[in-house]
Amino acid sequence: MVFAAKVARRPSLNGWVSKVFLSLIWLSGCSSPSSTDATEGQPKRDTTYAVPWELVEVYMKAAPSPVQVALWLRQEKVPFIRGSLHDPTLSGRYGGLQGAANLGIYLTDMAYAHATQNYQDAYEYLSSVNRLAARYGLDDILSVERIRTLDNLQDQPDSVQKILTQYYREVQERLEETGQQAMLRHMILGGWIESLHIALVLLENNPSKQHLAQMISLQKSLLPLIVKLYAVDSTSHSTSRQILGHLYEIESALRDIQTEASPPVTQVNKGVIQMQFREGPRLSPEQISTIKQPVQKLRQHVIQV
Amino acid sequence: MKATLIATPLLFLYAQVPCKQLIPSCREAYLEDFSWDGRYWRAELYGGETTEIYYTFFPGLRYRLIPCGSSSTKAAPHLRIYNANRTLLLDTRQQGDRRYWDLELSSTQLMVIELYYPSGDGCAALLIAHRISMEASAR
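Chains as they are written, first to last, in my numbering: chain A, 1 to 305; chain B, 1001 to 1139.
These stretches of chain A come out as covered by chain B in the derived footprint (C-beta under 8 Å, 3 or more residues): (1) 214 to 223; (2) 273 to 281.
Derived Cβ-Cβ restraints for the label pairs, each shown as a range: (3) A/Q300 to B/K1074: 56 to 62 Å; (4) B/A1029 to A/Y248: 42 to 48 Å; (5) B/D1097 to A/R82: 50 to 56 Å; (6) B/A1029 to A/E249: 44 to 50 Å; (7) A/Q296 to B/D1097: 48 to 54 Å; (8) A/R146 to B/T1087: 39 to 45 Å; (9) B/D1097 to A/Y119: 45 to 51 Å; (10) B/G1120 to A/P263: 27 to 33 Å.
These are calculated hints, taken from the structure and not from any lab test.
Quick reminder that beta carbons are idealized off the backbone N, C-alpha and C, glycines included.
Chain B with its partners taken away, still in its complex shape:
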């Protein structure tokens, strides 16, 4: 019981401090020439929790998805991408670890993105930026 009482605030402290620093560090490191409208999603994830993000993607744009954070086991956050009907389209964990993912769609879609840690607890955030896709700019 005592251990729980001590551990809980410590765990909270662990999660809170990196959470505050997540957004500026991710933004500066990986945005490059992408435009970011300032929107981000951030959550503390414990015991296999996930956080859901709804987002509308348009064709002709390349989106940069930047999942940020690291868990208590140093695992990087991953993304599951679903369509609006909740059909799983991609799990980035199957594609290896990357700091960010670029995404292009051939048609307008509302997608659901699940942010999660494969193991451990911690704060996680997702930034979504965009720029004109090379194909569209060539046109």
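For reference, chain A alone in the conformation it holds in the complex:
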């Protein structure tokens, strides 16, 4: 099990780099008023939700960076299904923790549009991202100008990666400085649920692309880390309790999905380790439908206005 107890030291906090976009890419939340309700440009410290940074950090370091996800989506040559994404025009209606969750969703939609080279759509989502980011004091980091810089470097993936890395670091540092870990947790949730949603829709529409099931399997592997993020204060906060309930439903629906089929064939030669996994998970239309139901419930809970 992912959280098997061990005599272990927590890795140190400093030094970690990429929470932002990452966080940006994988998070979510709900609509209760909270200490993270912030006015434009004036983020408030989280005091109501005592989410330890160490928990958030484990997730942030475990999840893939958006650059990796985008590369992977491009390799898989996935289609762009705009109708399945969130409505970018609603961004002005969100605030507080729900806004943070929707920021995670919009960031994921933006990354997906960008990865599939639908730049006009990506800009639409960028506008939503920028609008919400302003509520958390992140608009200078996630500004239109800065993302344009990225676009100008599309043919230079190394440069894009370096810049994104810098953005990640800046976002993480900003959120740490301003004590907004509950906001970060909700962003993570939004990104995670939207990634799972997109993977399910893509697989539903392209049953032959079973490689996409790997992404669903990956989200399943990450789920225990998110559950842990919400379990920490679920007894004292109804928002966390509600989300945790949804997460348990998703966990139950994902139970039959193999995280990995069988141990890989491992070869080590001159310091190079190669792991060949025999067969990836396969999902039938019925299984996709079963998983989609609780995923849609949580997603709806997050995006409802």
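Following the hints, put chain B in place on chain A, whose structure we already have.
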């Protein structure tokens, strides 16, 4: 008791100084043409402790795992690599001592990596970098 009181801060001092220097030295020595996003994991390990790292690996990329540090017995840090279900896939100690390990996977996986010293105490760190695998770039 006295010895303990003196030894503890000394031990701490021993661990702290190399800890600060670990990341830059490992990065410069072993990164070569790999891209590093700046993420690293670092911990002080005493009495057989380990530190766990969760990381998502993608196919088509070659990852460089650079365990850094040295213990009070001069032992180098090693890695145990598990899948998300906690099945042990590889213990680098069985493969001899190396400054770094390159890793390629055939499918997307969340893995758990345990960093540990076979003997002694000390600070240990792990850097993970990546580049396109030769197979993928040939395609």
